[in-house]
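These are the residues of each chain, in order.
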Amino acid sequence: AQKVTQAQTEISVVEKEDVTLDCVYETRDTTYYLFWYKQPPSGELVFLIRRNSFDEQNEISGRYSWNFQKSTSSFNFTITASQVVDSAVYFCALSGNRDDKIIFGKGTRLHILP
Amino acid sequence: DAGVTQSPTHLIKTRGQHVTLRCSPISGHKSVSWYQQVLGQGPQFIFQYYEKEERGRGNFPDRFSARQFPNYSSELNVNALLLGDSALYLCASSLRPGLSYNEQFFGPGTRLTVL
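Top line first, the protein sequences correspond to chains A and B. According to the numbering used here, the first sequence is numbered sequentially starting from 1. According to the numbering used here, the second sequence is numbered sequentially starting from 1001.
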């Protein structure tokens, strides 16, 4: 069975602080894909990153970075120098290789306080 | 370029009624997926359609059905509505199936309230 766990339900940090959102996944597939999505109050899901199971290189995109560790089945997301516009719900997600079904975690609500 | 569009934006129904939600994919995209997002939870996969054929189905009752039209737009139908069907319904489109090489783009969703 596939499962994504985001243990942090809600996080509040002051603007300009760094914040890390945790994600742990379970899958029996050898080939799988991991995702992070942002959902602002408008409700639309915004794609942030896709990573396949064979690529364990960490990735940095501006203030965003992702740490993929297969050994601990984790795919954590760090926002550096957070801004108020980063306030949203963030979802970690997983998909196997057989179909396009994406399994989402329950999300972490991030509040960036001015 | 227009993104994924969904209609209506909001909808209020009563228990037992039927509802139809609509989705227009990004131009050129032939695959459409539907997700249900209950308040406080992550989205849950309902269906995927590609070239008018159902490619995948999540763990939802037969009250949920969908179809895809020749222009690749899609409808999600829910019969005999229950209070628990109240949710944000998200549509996602992609060029074709296969998350290994193309991403899904999500629409703004339709918020359904069942009273």
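Be aware that a few hints might be false.
Simulated pairs of lysine-lysine, DSSO-like, Cα-Cα distance not exceeding 30 Å [stated by the list, open to error]:
(1) A:Lys16 - B:Lys1030
(2) A:Lys70 - A:Lys106
(3) A:Lys106 - B:Lys1030
(4) B:Lys1013 - A:Lys70
(5) A:Lys3 - A:Lys38
(6) B:Lys1030 - A:Lys38
(7) A:Lys70 - B:Lys1052
(8) A:Lys106 - A:Lys3
Stretch by stretch, here's where chain A covers chain B in the computed footprint (C-beta under 8 Å, at least three residues) [what the hints assert, rightly or not]:
(9) 1020-1029
(10) 1064-1075
(11) 1081-1089
Hints listed in this document are in silico derivations from the structure and should not be mistaken for laboratory results. For every residue, glycine included, the Cβ atom is placed at its ideal position computed from N, Cα and C.
*In ascending order, which of the hints set out earlier in this document are inconsistent with the structure?*
1, 4, 7, 9, 10 and 11
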